Every structure is written in structure tokens, then in C-alpha cells.
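J.: Please put together the full structure from these sequences, using the hints given.
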Amino acid sequence: AQRVTQPEKLLSVFKGAPVELKCNYSYSGSPELFWYVQYSRQRLQLLLRHISRESIKGFTADLNKGETSFHLKKPFAQEEDSAMYYCALRGASGGSNYKLTFGKGTLLTVNP
Amino acid sequence: DAGVTQSPTHLIKTRGQQVTLRCSPKSGHDTVSWYQQALGQGPQFIFQYYEEEERQRGNFPDRFSGHQFPNYSSELNVNALLLGDSALYLCASNWGRADTQYFGPGTRLTVL
Numbered sequence: 001a002q003r004v005t006q007p008e009k010l011l012s013v014f015k016g017a018p019v020e021l022k023c024n025y026s027y028s029g030s031p032e033l034f035w036y037v038q039y040s041r042q043r044l045q046l047l048l049r050h051i052s053r054e055s056i057k058g059f060t061a062d063l064n065k066g067e068t069s070f071h072l073k074k075p076f077a078q079e080e081d082s083a084m085y086y087c088a089l090r091g092a093s094g095g096s097n098y099k100l101t102f103g104k105g106t107l108l109t110v111n112p
Numbered sequence: 001d002a003g004v005t006q007s008p009t010h011l012i013k014t015r016g017q018q019v020t021l022r023c024s025p026k027s028g029h030d031t032v033s034w035y036q037q038a039l040g041q042g043p044q045f046i047f048q049y050y051e052e053e054e055r056q057r058g059n060f061p062d063r064f065s066g067h068q069f070p071n072y073s074s075e076l077n078v079n080a081l082l083l084g085d086s087a088l089y090l091c092a093s094n095w096g097r098a099d100t101q102y103f104g105p106g107t108r109l110t111v112l
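The listed protein sequences derive, respectively, from chains A and B. Just so you know, this note's numbering puts 85 at position 85 of the first sequence, and the rest follows in order with no gaps. Just so you know, this note's numbering puts 38 at position 38 of the second sequence, and the rest follows in order with no gaps.
Heads up, a few of these hints could be off.
Unchecked claim - Calculated cross-link-like contacts (lysine-lysine; reagent style BS3-like; alpha-carbon spacing at most 30 angstroms): (1) A:K22 - A:K104; (2) A:K65 - A:K9; (3) B:K13 - A:K22; (4) B:K13 - A:K104; (5) A:K22 - A:K57; (6) B:K26 - A:K57.
Unchecked claim - Just so you have them, the derived chain B footprint on chain A, three or more residues with Cβ under 8 angstroms: (7) 40–54; (8) 98–112.
What the hints contain is simulated information worked out from the structure, not anything from laboratory work. Remember, it's a predicted structure, so these values are computed and weren't measured experimentally. C-beta atoms are modelled at their ideal positions from N, C-alpha and C, and glycine is treated no differently.
T.: Below is the structure:
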């Protein structure tokens, strides 16, 4: 079974504080992991994917296969980071599993 | 490029009716996926179309069907609507197996 768990439905931090959004997954093969973000009144958009190993808007995420986790981190949160964040999984390239499986999302609020 | 577009934006139907939702992929994309997002949940994969055929299907009943046209646009059809079909329906497009999926703004379906 392919499953993504985001244990926190809501997360509230103050501006300038570090933020970590948790994501755990279950998948029998090699996964590709993604973080998607949805800002207010905007469409779902890709924030980052683990194979890119890049930092977007100051966010980073490391795939930990031992702990089956892909937590999203930012050292200093900004008010514009307030949004709904979804962790998603897809089977690795070369297989026949094309679908994205999403977690239920974490609503991040950054307070001034 | 307007990106992925979907129509209509909103739709209200009654139980037992049938509905057709439409999606135009991002320019250059040949693959379309459909997702259902119920309130408070992450998107759930319905199916994916590639080369005008259903390539993978999620755990949805046969009442959900689709089609992809030669210009890569796609339709999602839902027959015998149930109250539980009320949701935001998202379309995503990509090119090639490993490409990122880009999402449209969604169609909000309300079944009364």
C-alpha cells in the first residue's frame, strides 16, 4: 500500500522562528517525494521534489529512507509562508505507478 | 501559457444526475491526471490518461470515467451522482513519466 501521513493538521509559528512540517510515508518500492503548497485562493503548486535536492523559498527537505520521512524545514519562517502544505509520493521512474498519493495536508500559519 | 485550465469553475447538480468536467493541459504536456479533493482532505487519484488511453486508475467506482482527446485535453464524467461526490476536482498535466505534475484551479462540484 502507498500511504503518506502528515501528523499535524495545523501548525502555528511566529515570524523568524524555525518551522518543520512532518511527512512520513509507506511504500514498498523506491519512492519519489514531493512537497506541494497551496496559497490562499491559488492553485496547488510544486514547492520541491527530493530528486532535485534544491532549496525553494528557503525550504529544504531530506528524504530519510531509514525513517521513511520527508520533513519540510525552513530556518526562519516568513508571513508569506502561510499556506496549506501537502506531502506527496509517487513510485520511482521506470515503474508503472504514475499516481501521486497525497497526505491530508498541514495548514501553516506564520504570525507577525 | 495559461497553464492547466479547467471548466466549469463551479457546478451544482442533484443526486442521480450526470456531470462532465473538462481540462486543457499545459502547453507541451501529453498526460492528464484527475484527482478528487474532499473538504479537509488531500487530493485522491482518480485516473491518468496518456495517448488517449487510461493508463492507471485509483480506487474509484466505474461511475467515474474519462476520455482524452487527440489534442491531449481531457474530460471526467461522473454518472449517477451521490451526495458524497461533492468535492473539488483537480486536473493535473505533465510530459513524460518523470515530469512534475502541474495542477489546474479545480472544479467545485456540489451535489444536492
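J.: Check whether the Cα positions of K22 of chain A and K57 of chain A lie no farther apart than 30 angstroms.
T.: 18 angstroms, holds
J.: Mind checking the alpha carbons of K13 of chain B and K104 of chain A for me, to see if they're no more than 30 angstroms apart?
T.: 26 angstroms, holds
J.: Are three or more residues of the region 98–112 of chain A within 8 angstroms, CB to CB, of chain B?
T.: holds (count 8)
J.: So if I understand the rule, the pair passes when the alpha-carbon distance is 30 angstroms or less; does K22 of chain A with K104 of chain A pass?
T.: 12 angstroms, holds
J.: Is the hinted pair K26 of chain B and K57 of chain A satisfied, with a Cα-Cα distance of at most 30 angstroms?
T.: This hinted pair holds, its Cα atoms lying about 24 angstroms apart.
J.: Has the region 40–54 of chain A got at least three residues whose CB is nearer than 8 angstroms to a CB belonging to chain B?
T.: n = 5 at 8 angstroms, threshold three: holds.
J.: Are K65 of chain A and K9 of chain A close enough, with their CA atoms no more than 30 angstroms apart?
T.: Holds, at roughly 23 angstroms.
J.: Need the status of pair K13 of chain B, K22 of chain A: alpha-carbon distance at most 30 angstroms?
T.: 38 angstroms, violated
Hint 3 from the earlier list is the only one contradicted by this structure; the remaining hints agree with it.
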